[in-house]
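Asks: Make a model of the complete structure from these sequences and hints.
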Amino acid sequence: MSTQNKKKANSPVGWTPPDFKDRVAVVAGASRGSGRGIALALAETGATVYVTGRTVRGGPEPHDGAPGTIEDTAEEVTRRGGRGIPARCDFAVKSEVAALFERVGREQKRLDILANGVWGSSEETMRIWKGKGGAFWELESNNFKEAMIGGAYPALLASIHAARLMVRHGRGLIVHVTEPAGDPGENASSLFQIFHSLGHLSINRMAGAMSRGLAKRKVAMVALAPGFMRTERVLKNLEAMTEKQKQALRFDLSETTEYVGRAVASLAADAKLLRKSGELLYVGDLAKEYGFKDADGKLVANFYRELKMI
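Sequential numbering from 24 applies to the sequence shown in our numbering.
Note that these hints are calculated values from the structure, not bench results. Treat each hint with caution, since some may be false.
[What the hints assert, rightly or not] What follows is a list of derived Cβ distance ranges for each label pair:
# : residue 1 : residue 2 : range
1 : Arg129    : Phe159    : 43 to 51 Å
2 : Ala263    : Asp319    : 22 to 30 Å
3 : Asp113    : Gln216    : 20 to 28 Å
4 : Ala324    : Gly82     : 37 to 45 Å
Ideal Cβ placement from N, Cα and C applies to all residues, glycine included.
Replies: See below:
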């Protein structure tokens with residue numbers, strides 16, 4: 024086999040990764056879900072990836088027993104061609120976030136990419152999603168803590184400390200995984216849904232506001248919305264569903280978590296990235312613009328546009 028054919032045979036399905044062997048990334052919430060997918064996509068670029076999150080081997084498991092640890096992801100990053108460095112961090116704890124980015128600055132002297140996939144979850148949250156939560160006055164949190172302290176607040180803390188490293192070198196990309204959200208009360212059938220929307224709206228608005236100051240220092244910040252992702256938790260819950268129920272959820276439009284990862288890498292490779300800074304972007308749209316496909320070789324359209332939600 025020729026060198027050219029060997030390279031082609033070893034290339035990931037659906038895209039040609041950029042060369043990020045000299046770049047450093049921090050991926051928050053990378054034990055599982057979108058964070059893991061982003062870390063694995065960045066691995067294929069050859070980047071050094073700090074795989075961060077709360078779930079570690081030998082430590083407490085998630086409330087629902089969802090699989091994955093930062094060590095698992097870091098090892099897979101290295102296996103795929105990057106350099107995976109596991110680093111435990113609770114992104115809702117100010118001191119832990121500060122310590123993480125101080126470590127990155129000390130060890131790497133730079134930071135090129137922050138990708139944040141953190142979103143809070145609890146047993147009560149999962150019960151509500153399944154329609155078993157009860158009336159709002161019977162609940163402990165109504166999802167406010169998970170949406171704000173488990174979602175918006177970590178996005179703010181991570182942005183502050185990543186920006187401090189990036190502005191020194193006059194370059195960088197900060198990405199927050201999110202959902203589109205308009206008026207939190209619009210079409211909401213419960214207090215839970217209002218708080219869920221409010222959390223994402225806060226992330227989206229913060230990204231727009233913070234991007235203005237960062238743009239002057241050549242650092243881009245965007246909010247990024249994947250579609251219906253086949254995360255570990257989603258697949259676990261789908262096991263109990265019938266094909267008819269899956270069709271109702273539009274499982275045919277679902278995507279792997281690496282799809283959003285390829286979007287992050289493609290954004291980071293865009294020489295004109297600052298034009299997009301402050302925007303809410305969609306993975307399906309970026310796939311068409313940048314010419315990448317999902318890890319299974321499919322070109323998945325913008326989920327929200329397909330369902331006429333935007």
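Asks: Taking 20 to 28 Å as the hint, is the beta-carbon distance of Asp113 and Gln216 inside that range?
Replies: Check passed, 26 Å falls within 20 to 28 Å.
Asks: May I ask you to test the hint 37 to 45 Å on the CB atoms belonging to Ala324 and Gly82?
Replies: Since the Cβ atoms of Ala324 and Gly82 sit about 39 Å apart, the hinted range of 37 to 45 Å holds.
Asks: Falls inside 43 to 51 Å, the C-beta gap from Arg129 to Phe159?
Replies: Once the Cβ atoms are compared, 46 Å apart, the range 43 to 51 Å for Phe159 and Arg129 holds.
Asks: Is 22 to 30 Å right for how far apart the beta carbons of Ala263 and Asp319 are?
Replies: holds (23 Å)
Of the numbered hints stated above, none is contradicted by the structure.
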